[in-house]
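Peer 1: Sequence:
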Amino acid sequence: MRAVIATEPGGPEVLTVTEIADPEIGPGEVLLDVAAAGLNRADLLQRQGFYPPPPGASDVIGMECSGTVAAVGPDVTGWSVGDQACALLAGGGYAERVAVPAGQLMPVPDGVDLVTAAAIPEVAATVWSNVFMVAGLQPQETLLVHGGAGGIGSFAIQLAHQLGSRVVTTAGSADKLAACTALGADVAINYRDQDFVEVVAEQTDGGVDVILDNMGAKYLDRNIDALRTQGRLVIIGMQGGTKAELDINKLLRKRGAVIATNLRGRPVEEKSAICASVVQHVWPLVAEGLVQPIVGRSFPLAEAGAAHAYMESGDHSGKILLTV
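Each residue of the sequence shown is one higher than the one before, starting from 1 at the first, in UniProt numbering.
In case anyone wonders, no lab produced these hints; they're calculated from the structure. There's no promise every hint is true.
Taking lysine-lysine and the DSSO-like style, the derived pairs with C-alpha atoms no more than 27 Å apart in a straight line are [to be verified]: (1) K243 to K218; (2) K218 to K254; (3) K218 to K250; (4) K254 to K243.
Using the sequences and the accompanying hints, generate a full structural model.
Peer 2: Next comes the structure, spelled out in structure tokens:
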């Protein structure tokens, strides 16, 4: 099969399409003919040599995809050859075929085409597991999501809005701020010329209840400033660095929580439970058109390097897809 590999750690130019052996499936796994794969920030880190796949996972980049079931392994029930599905992966998405644990395979939501479905698994699982399962965002509470115009941010805005929460978000241009507002953000902050802590203080009664943060170290202290009493900060990325000083006294006074999580390295059983919860709670909203995957641009598989360069430019909104 064709697959995209990084010939060495480096920039987008190291990505190349090559022929490799088809994946073999074992008990509890399904073989998927890939229609499209979604890009994620972690893909860029893996290409650069900073984020290797978990033990036993494919070395091929790609943490989500959609496609058609080509074969079903022993002990798998509920899936048949020819079924359309989307999948949460530990790796292997940038290829014509991928082996998937059956629990990480999800049906394509009603009303979503097969290619677009590749834009959903990672963002839906990330937002649902972190904002709702871990941080416990409740109706009438306020969520601050950084990078609201991106794939995760745009999904988080919609989902929190539809489930009755107030949403504050940050973005870096007027167009992106407008897009966030259209998706349901109540307050949209231009992080280039506004201090989000000051705006949060002006626009909320005591701060926000939950923050979904992809910046890490750079925003740690200011995120805690933006929390209200008993607020929860969930860190899911390190775009702003990995080390920062934590004022424990400030956090203690707010009786707040700082939680750092990732999705990729979790055991299959945990990821399967998250996927099942996503199908139960999120898929009905997608099927009704209340929460929609936002695809900014698609590239053919052979242009994976160009897709990575486009993501690194910061010009995109929504998800970027590779089509097979």
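Peer 1: Okay, which hints does this one fail, numbers in order?
Peer 2: Hint check: nothing fails, all pass.
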